[in-house]
Amino acid sequence: MGIRFGNSNPGNNLRVGTETVGGIAIGSTVAWKRSATPTATLYMVGGDADALYTLNTTTGVATRVGSTRRFGVSETSPGGLAFHNGTLYMVGYDNIALYTLNTNNGRARRVGSVIAFGVSGERSPFGLASHNGTLYMVGGETEALYTLNTNTGRATRVGSATAFGVNERSPTGLASHNGTLYMVGWSNDALYTLNTNTGRATRVGSATDFGVSENAPEGLSSHNGTLYMVGSGIVALYTLNTNTGRATRVGSATDFGVSESSPEGLASVPST
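Going by my numbering, the letters in the sequence shown line up with residues 197 to 468, in that order.
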């Protein structure tokens, strides 16, 4: 509900004197109230328990979602995770498939029946990201960027760059953050930006092992305005500086507090 003065709507910037007003009451009735800032939940999939988790971005502690074993589809090697067009998606390299995930019970449902994403030689799906209305994936065998069809599970290669043009042969995390597609990889233990026309990468900064001796970067996600990463070297949650490529550890939890030493995909899901 808005409130108007003549033909003007002051929106969230109404002031009385020098004070910004968060709402207006007429008697005991609220006539206008500033909208709350949207929040989201950060999710992670792990390969030890083959399960979906939520992550506390203050402590780095994980909480398991449901008790489903192997996501209910015998998927023992979860990979990338991404929230796209209202649905949480995951890839797995046990069945080499795209899945949707239920955020209430952690159960997966396979998308389509195409084998190995319909791409010859790509049996190692890793990072997933929803970027500018398209679902993207990085493949570890072909060392390339793909778009994914969410009806069939079929992939289409982006460009023809070899190892992303930067000798990155072990791509892992993928995330859309502030209008840019980012990737992390094991070969150089670095953060990159990705060109969605050519599939070529550009390294961000020159930090070694993200400045924190993290030599096994995994999932990547943009969450509440910050770029997050999980790593399986130190086994922790981090925030990433998109100017320098340096990481800052979140909390001090060991194995995310749930004996999960194989973190994989990360995704931010808006609260409903």
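It is worth saying that the hints were derived from the structure and are not from the lab. Yeah, the Cβ is synthetic: ideal placement off N, Cα and C, and Gly gets one too. One or more hints might be untrue.
Between beta-carbon pairs, the in silico distance windows are [what the hints assert, rightly or not]: (1) G262 / R399: 17 to 25 Å; (2) T389 / N411: 17 to 25 Å; (3) N300 / R445: 24 to 32 Å; (4) G447 / S316: 23 to 31 Å; (5) N393 / T348: 36 to 44 Å.
Structure versus earlier hints, numbers of those that do not hold, lowest first: Checked against the structure, the hints that fail are numbers 1, 4 and 5, while the rest are satisfied.
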